[in-house]
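All chains should be built: construct the whole structure from the sequences, respecting the hints.
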Amino acid sequence: MASSRIKKEILARFFLGIIILGIPLGIMIRGQISSEPGLLVQASIPEDGGWNPGTIKAKVGQPLNLQFTSLDVVHGFSIGILDLPEIDVFPGEITRTNLVFSEPGRYVYYCTRWCSPNHWRMRGTIIVEGESRVEQKPDPPLYVVMGIDIDQDRQTNLIPEATPSLKAGKEIMTGISRQKLEPYLDLSYLRTHSPSEVWFSLSEEEFTGDLSDQEIWNLVAALWNSNVTPESSLAGQQLYDQNCTACHGADGSGAGIFAQKYSPGEIGSSNLLQDITSPADFTNPESMLAVSSAILEGKMLRGGMGTGMPNFGPIFSSSEIWSIIDYIWTFQFTD
Amino acid sequence: MIKRNLLSNPFIKIGLTSRWPQLIGRGAALGVFIVVIISGLFGTPVGNRNLSIVLIWIAWWAALILILVPFLGRGWCSICPLPLPSEWIQQGTVLGPGTGNTRFGKNWKWPKKLRNIWLQNGSFAMMALFSAVILTKPAVTAWLLLGMIGAAITMSLLFERRAFCRYLCPVGGFIGLYSLISPVELRIIEQDVCRDHQTKTCYTGNENGYGCPWNVYPGALKLNTKCGACFECLRTCPHDNIAINIRGFGADLTKPGAVKIDESFKAILMLGSAAIYSAVMLGPWGELKSAAFSIGSGAWWIFAGSFLVINFILLPALFYFAVKITQSGSSSSPPIKYAFKAFSASLIPLGLGAWAAFSLSFIFTNGSYLWGVLSDPLGVGWNLLGTAGATWTPYLSGVTPTLEMAALVLGLIGAGQTAMRISNQDQKLAQPWPILLFCFGVTVGLLWLLVG
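So the protein sequences, as listed, match chains A and B. Okay, so the first sequence: first residue is 1 according to the numbering used here, each after it adds one. Okay, so the second sequence: first residue is 1 according to the numbering used here, each after it adds one.
Worth flagging that the hints you see were computed from the coordinates, not collected in a lab. No incorrect hints appear here.
Residues on chain A that point at chain B, a partial pick, calculated with CB under 7 angstroms: (1) K8; (2) E9; (3) A12; (4) R13; (5) F15; (6) L16; (7) I19; (8) I23; (9) I27; (10) L71; (11) P91; (12) G92; (13) I94.
Heads up, the beta-carbon is just placed ideally off N, CA and C, and yes, glycines get one too.
Spelled out as structure tokens, the structure:
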């Protein structure tokens, strides 16, 4: 009788032993079997660490297998400069991708979804090693070439009575010979001068002698639009909507939905938001008409300015940056 | 309703008296809990993609409230895996007695002053205060379960029998209270047989089973509250004098002394918690939700303070006021505490109805998450059952509000019937109307919170 009980007890212990030890062991083995080749990249909002790992190494010409998952909200993955489709990263789901880099360098990968007020802090680096096939290096940005201090405070008192009209400016342009306007239509001239500087130069020209101050402003608006194509204008608006609206607002006034997060009153809510001032107001003529496109490019490339503005240099291509700048000027110049 | 002894069916009798079916049930539940804990600790922190959150706080909780407790009383307690390690350590066996006395631990008696469910009221309230995080963060759920297993082990090493289940488990307290409604009861058949049985093996144990782990003498068992459905007394009674009866719903509620004062407060706490949970989890108040989540912040302290004040002061005071009115104008009124305890039995069906309505709201809305996590319990990309890609699909969304309303109305009807029966049975409690008004008011409030 006692021996039967002992046998039953042993059997019961064996049964429970299988459960207690077998289940963890089974999960471990299943984990090993199912682990597909690839690096797991976990995404969480920047306040909780952003991308993990934050640095990934790869080699030129060799596939980089990545598995993405989000630990909180929906994120997106993209690599700056490269023209790759965005990958959505969903909470608790695994999304896989294969990348092959043809050039060595440091590539920035970033989140493409507005996941938190610090969304734009959510970046990582892919270091690609290997030999380069490209010999020519890209040109440095205009503000570097010209040695412009993009942090200098710039204001102008030269303010138009009404918002300069592009349409009216184009009509004025038709009455002025192309030759006289040639220096002002030069792209590098327009990008390196502020609207107020161009207005001042134009006002001293003989061919503007009959024009009122406002009409000269209208002419400035037309000049600013002279190198803008409908395609780049649309691309600029889309990029602005995706990347700038949250802080600068759809109307450019600097009152986007996250703007209050960057106001001094909110500082302290996050360690990442120390000493931050409000986003720039693109509708303010005093400040905007005093700066050149080269300065705006510099600010976009480098970021900072004590505003919480991220550096878009590693994210956007040169043409993307300029299309955004062209769109930003539409807040000063109407159709 | 005439009671029917389920043990008259030989299959049920063998199934419950044999130790193996229960061991297999407990083993299965333990296995699931192990997966839950591993998922919580090592799986994705995304709640709806992690088995620990979906299985425990959506599937298990809904099953507990909607099926197990209303129909089987403490049925869950009979296979609950949380006290198993502690019981094995304490008893020295996993299957049952008879392999030699290897009892381990101090075996102290539980302090007399704590022989009530005040600690369980406290542990439930503590859990509720942190519930926003517990219910959404898998790791917290896993640590909570581990903590409960650890507490059960600690208590089993110090005190005799299942002190944790009886006096500390935050879930066991309300399961016991709501099991008064259940249509299943374990009772003795003949009082005389127990009286004449000298050794009382149901309490002391013998070679066939342990003495009641819940520290109950089955011969004196009148209510479901304290019976843990462990079925040891079925095994230890040498006279086959234990029955498992099918009876009418709520049969225990109107028995004299059915509810003690600590249980009255438990009934009120459960009712208040259902309302607060509904407001936090389902309501449109973002600031309230944020306050419940931001543990340690000023807003959370206000939330926690309000929760405690509502459940331990405000609602009891309102109910006290209603009870007080029942006594006005009567010269033969019993002590207010007596009336408070007696009428608080009506809050038990009301509370269960409220929790059922709350559970219906999320099981149909979020139940579809279960298919995904069963296939990928850790949320790491597995597809064990081929259902990992199942998308979130609310079920029966068109009828859920109606079902919620039905649950609340059923609870109100149960509360009303209970109050009326108590009043009819006891001449000293002749005025149930203020209690009915209180229950009606609470139901209207819950309807507004849950159904809108």
